[in-house]
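Chains as they are written, first to last, in the numbering used here: chain A, 1 to 474; chain B, 1001 to 1173.
None of these hints come from the bench; they were simulated from the model. It is possible that part of the hints are untrue.
Claimed, not checked - The following label-pair restraints were derived from C-beta to C-beta distances:
1) A:TRP399 - B:LEU1089: 38 to 48 Å
2) A:GLU96 - B:THR1114: 55 to 65 Å
3) A:LYS391 - B:PHE1074: 56 to 66 Å
4) B:VAL1025 - A:ARG417: 38 to 48 Å
5) B:LEU1103 - A:LEU42: 47 to 57 Å
6) B:THR1094 - A:PRO378: 46 to 56 Å
7) A:GLY180 - B:LEU1035: 30 to 40 Å
8) A:PRO259 - B:ALA1098: 33 to 43 Å
9) B:LYS1028 - A:GLY59: 56 to 66 Å
10) B:MET1077 - A:ILE28: 29 to 39 Å
11) A:GLU349 - B:LYS1095: 33 to 43 Å
12) B:MET1071 - A:PRO378: 50 to 60 Å
13) A:ILE28 - B:THR1094: 50 to 60 Å
Ideal placement from N, C-alpha and C gives every residue a C-beta, glycine not left out.
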Amino acid sequence: MNVDLSLLAPEIALAVLGLGILVLGLLIPKGSRHGLGWVTALGLLGVLGLTIAGWDNQGTLYEGIFIVDRYAIFFKITFLTAAFLVTLGCMRYVDEMGDQSEYYSMMLFATLGMMVLASAGDFMTLYLGLELMTIAFIVLVCYRRTETRSVEAGIKYVLLAGMSSAVLLYGLSLVYGVTGSVTIYEVGRAVTTEPVPALILGVAMLVAGLGFKISAVPFHMWTPDVYEGAPTPVTSFLAVGSKAASFAILLRVFIAALPGLWAHWTMLVAILAAVTIIVGNLVAIPQTNIKRLLAYSSIAQAGYILVGLVTASEAGIKGVMFYAFLYVFATIGAFTVVTYFYNVTGSDEIKDYAGLSQRSPLMAAVMVISMLSMAGIPPLAGFVGKFYLFKTIVDNYLWLAFIGLIMSMVSVYYYLRVALVMYRDEPVDHTPISLSGPVALTLIITMMATLVLGIYPGPLSEVVNTAAHSFFLP
Amino acid sequence: MEGIWTAVAFYLLAATIVVSALLVVMLKNIVHSVLWLAVCFVSMGGLFLTLDADFLAAVQVLVYAGAVCIMVVFGIMLIQRGNMGSTNLFNNQTKAAAGVVALVLVVCGYLAATTPWASPAFAVPEKTVESIAEIMLTKYVIPFEVAAILLLVALVGAIFLAKEVKKADAHND
Chain A
1 MNVDLSLLAP
11 EIALAVLGLG
21 ILVLGLLIPK
31 GSRHGLGWVT
41 ALGLLGVLGL
51 TIAGWDNQGT
61 LYEGIFIVDR
71 YAIFFKITFL
81 TAAFLVTLGC
91 MRYVDEMGDQ
101 SEYYSMMLFA
111 TLGMMVLASA
121 GDFMTLYLGL
131 ELMTIAFIVL
141 VCYRRTETRS
151 VEAGIKYVLL
161 AGMSSAVLLY
171 GLSLVYGVTG
181 SVTIYEVGRA
191 VTTEPVPALI
201 LGVAMLVAGL
211 GFKISAVPFH
221 MWTPDVYEGA
231 PTPVTSFLAV
241 GSKAASFAIL
251 LRVFIAALPG
261 LWAHWTMLVA
271 ILAAVTIIVG
281 NLVAIPQTNI
291 KRLLAYSSIA
301 QAGYILVGLV
311 TASEAGIKGV
321 MFYAFLYVFA
331 TIGAFTVVTY
341 FYNVTGSDEI
351 KDYAGLSQRS
361 PLMAAVMVIS
371 MLSMAGIPPL
381 AGFVGKFYLF
391 KTIVDNYLWL
401 AFIGLIMSMV
411 SVYYYLRVAL
421 VMYRDEPVDH
431 TPISLSGPVA
441 LTLIITMMAT
451 LVLGIYPGPL
461 SEVVNTAAHS
471 FFLP
Chain B
1001 MEGIWTAVAF
1011 YLLAATIVVS
1021 ALLVVMLKNI
1031 VHSVLWLAVC
1041 FVSMGGLFLT
1051 LDADFLAAVQ
1061 VLVYAGAVCI
1071 MVVFGIMLIQ
1081 RGNMGSTNLF
1091 NNQTKAAAGV
1101 VALVLVVCGY
1111 LAATTPWASP
1121 AFAVPEKTVE
1131 SIAEIMLTKY
1141 VIPFEVAAIL
1151 LLVALVGAIF
1161 LAKEVKKADA
1171 HND
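With the rest of the complex left out, here is chain A (with noise of 0.2 Å):
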């Protein structure tokens, strides 16, 4: 059997930096532990480099159970700039934690679930790299672990991890049962048009299973507790990996393995999509702590990256793959700046947020950018990002557009609500937040490539257009 190890390359390297870095861990003296976070964020720009080089080099692995085409690429680059920009922005916040070596590590082995995830083409191979990704997280939501909240975020994430898991399994293992193969190409080759009852319930609960990972009504209910349990630079990348990943696999699943079954999920898809986006935005309004204003917030976002699947085309693979990307800044602006603020304030109250603007300018500006970004509104880069999701479905989905449109207006009320009480509010303590270097630039990054994408997005989408074209090849 020949196998080119070259297009291994990443998750080899990756896999190699996560079990270096509990080793340095053990032998670094405590002390000086928190370089441990240099050594992470300049590791996973290695592989990112690496990542970006086998840009051209496609190809499958043992027999289609590893796929390494543009589509995985993509995702996989999206991974590691999230992590790269997570782990930029969460170092003071780990010194103070604690434990750096477990959790940087602990961070990249969840990164590396992510890019098994994204080339998986067997079931077998989906539900380990999903399952490496779950365990790794679980770890981490809990890692505050003398804090009641954070436990029992860990607590409600295992149940509702493993039960979705199950629900998963399930699915997979009916599909299988049917179709005889556990390869999503050569599932694709045996469903056809008309399915049996059997395989049609498989479909339900994959739908089932894959909505707990991105977090879609009604699948969403441990979103906002373990979103605002969790360690804040946890939540960020709880918000943008797990659930980019979730998607990667979650098109691959359906475009890939049932597309003669589209007639049937397409509209279950449209309607989860609108609840979503409804639920996801309503009952963020009443919110009052910023954690869980932005869960609900990541719900509705995950909502319209939802829209992208109901034509299975490729221009709505494009669409995710698009937001999927500008999304990683979006969040990460906003949840960094949550992050810092928590570590000089102590709360994650929206009304101790009175007044940013005049103690750290860049710190509100950022939000605003970041909050308006994933509101729509047109010089920033989700403004783009729902355009070209939405562009798929105003031919026959024109309500579903609709919606769209109508929430994405409901939403700027909650996120103007949080820049009106940092910008027109008096703060009640004057100092001013100093911000330390790594935090600033990585503030810097999201904002500038929130307004980049959104003025200039023709080259990103060019490459986009290229990965989404690279998904029908086989």
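Keeping the supplied structure of chain A fixed, place chain B upon it in accordance with the hints.
Then chain B, alone, in the frame of chain A:
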């Protein structure tokens, strides 16, 4: 003749599995629940045997009936209380739960019953262990390696979460 015995074995094992699984959930004493869980796992192993999957059956008994149940028992032992009477609690939503379970059962049962299941075109190989070993280290080597890393992550995570937090350790340095 052989077909009849296979069918008899299947229905006996299936009934045992369903009853023991129900008892795991219903019983008030958690120690009894664990014992029925072992029964459930062993009967599962029997089910694999009727399908000629001897290696899988052995693993099922070894890992699930052996290791998993023992671990649950250890867990109970470490957080033991004087009276084990009502350690496996039920909430008050019994009727709602029964309704939902009945609905799921009817839907799944109906869909499974109306499906024409195709039996696999090839027979089970004589020596399953060799076949599993071969594909595990050739075609499925990537999932195999991912599983290895997954176990490491679970191990490190479990130790990290369970390890005692020292006062001086709570804040770094």
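Should the hint that A:GLY180 and B:LEU1035 are 30 to 40 Å apart at their CB atoms be regarded as holding?
holds (38 Å)
Mind checking the hinted window 33 to 43 Å against the Cβ distance between A:GLU349 and B:LYS1095?
For B:LYS1095 against A:GLU349, whose Cβ atoms are near 40 Å apart, the range 33 to 43 Å holds.
Check the following: the C-beta atoms of B:VAL1025 and A:ARG417 are separated by a distance inside 38 to 48 Å.
Holds - the Cβ-Cβ distance for B:VAL1025 and A:ARG417, about 46 Å, lies within 38 to 48 Å.
Between A:LYS391 and B:PHE1074, does the C-beta distance stay in 56 to 66 Å?
This hint holds: roughly 57 Å between Cβ atoms.
Does the Cβ distance between B:LEU1103 and A:LEU42 fall inside 47 to 57 Å?
With Cβ atoms ~54 Å apart, the hint holds.
Is the hinted range of 33 to 43 Å satisfied by the C-beta distance from A:PRO259 to B:ALA1098?
holds (39 Å)
Range first: 38 to 48 Å. Now tell me if the beta carbons of A:TRP399 and B:LEU1089 are that far apart.
Hint holds: Cβ distance 46 Å, inside 38 to 48 Å.
B:MET1071 versus A:PRO378 beta-carbon gap, inside 50 to 60 Å or not
holds (57 Å)
Can you let me know if the beta-carbon spacing of A:GLU96 and B:THR1114 is within 55 to 65 Å?
holds (59 Å)
Given the hint of 29 to 39 Å, check if B:MET1077 and A:ILE28 actually sit that far apart at their C-beta atoms.
holds (38 Å)
Can you let me know if the beta-carbon spacing of B:LYS1028 and A:GLY59 is within 56 to 66 Å?
The hinted range 56 to 66 Å holds for B:LYS1028 and A:GLY59, with Cβ atoms some 57 Å apart.
Look at the Cβ atoms of A:ILE28 and B:THR1094 and judge whether their distance stays inside 50 to 60 Å.
Check passed, 55 Å falls within 50 to 60 Å.
In this structure, none of the earlier numbered hints is contradicted; all agree with it.
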